[in-house]
Amino acid sequence: MISGETVQAVVLGFRHSSGLKLDAAEDVAGFVEYRVRKVIEEAMKIQQRCPGQQQLSALHIEYAMRRLGMEPLYGFSTGGSGSNKRHGTFSKVTVKQGGRSLILLKEEEIDLEKPNLFPIPDPP
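With the first letter of the sequence shown counted as 1, position 92 gets the number 94 in the numbering used here; the numbers rise by one all the way through.
Calculated from the structure, these hints are not laboratory results. As the structure is a computational prediction, the values presented were derived from the model and not from experiment. By construction, the Cβ of each residue, glycine as well, lies at the ideal position given by its N, Cα and C atoms. Be a bit skeptical, because a hint or two may be false.
[Unchecked claim] Pair ranges (Cβ atoms, derived): (1) Thr-96 <-> Val-38: 17 to 27 angstroms; (2) Pro-121 <-> Lys-23: 15 to 25 angstroms; (3) Lys-40 <-> Ile-105: 17 to 27 angstroms; (4) Pro-123 <-> Ser-103: 16 to 26 angstroms; (5) Arg-69 <-> Glu-110: 28 to 38 angstroms; (6) Leu-58 <-> Glu-115: 37 to 47 angstroms; (7) Met-72 <-> Gln-50: 17 to 27 angstroms; (8) Ser-59 <-> Pro-123: 32 to 42 angstroms; (9) Glu-115 <-> Glu-73: 21 to 31 angstroms; (10) Gly-21 <-> Pro-53: 25 to 35 angstroms; (11) Ser-59 <-> Asp-124: 35 to 45 angstroms; (12) Ser-93 <-> Asp-124: 37 to 47 angstroms; (13) Gly-101 <-> Met-72: 41 to 51 angstroms.
Input sequences plus hints: build the corresponding full structure.
Below is the structure:
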């Protein structure tokens, strides 16, 4: 389902200069595939508990990720808090080996060198 070349493309998409060796990328791909399958299985269980729903939706995936303790999907939040109105730009990364392409969401880079970027919370 997920190949080592895809993982290498993601690493290159994040501008990691040294890249990732193929055997390490295949190990990561196996782990990612396992996690994706767990989320899909859990989402299918949630869908089956809802009578009359024939298709798996983003809401089922979000509930499955919550149940498994994972972060929500970026741009697909269905919680109604307005977070799904955030739009981003996408970039296309092409893998040198095999010619596969991968589309990544570009996010704003934050300069962590500036100490006053985030307010310091009050002590308890």
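These are the hints, each one checked on the structure:
no. : hint                                    : verdict
1   : Thr-96 <-> Val-38: 17 to 27 angstroms   : holds (22 angstroms)
2   : Pro-121 <-> Lys-23: 15 to 25 angstroms  : violated (41 angstroms)
3   : Lys-40 <-> Ile-105: 17 to 27 angstroms  : holds (24 angstroms)
4   : Pro-123 <-> Ser-103: 16 to 26 angstroms : violated (42 angstroms)
5   : Arg-69 <-> Glu-110: 28 to 38 angstroms  : holds (30 angstroms)
6   : Leu-58 <-> Glu-115: 37 to 47 angstroms  : holds (43 angstroms)
7   : Met-72 <-> Gln-50: 17 to 27 angstroms   : holds (20 angstroms)
8   : Ser-59 <-> Pro-123: 32 to 42 angstroms  : holds (36 angstroms)
9   : Glu-115 <-> Glu-73: 21 to 31 angstroms  : holds (25 angstroms)
10  : Gly-21 <-> Pro-53: 25 to 35 angstroms   : violated (49 angstroms)
11  : Ser-59 <-> Asp-124: 35 to 45 angstroms  : holds (40 angstroms)
12  : Ser-93 <-> Asp-124: 37 to 47 angstroms  : holds (39 angstroms)
13  : Gly-101 <-> Met-72: 41 to 51 angstroms  : violated (31 angstroms)
In the structure shown, a violation is registered for the earlier hints numbered 2, 4, 10, 13, in ascending order.
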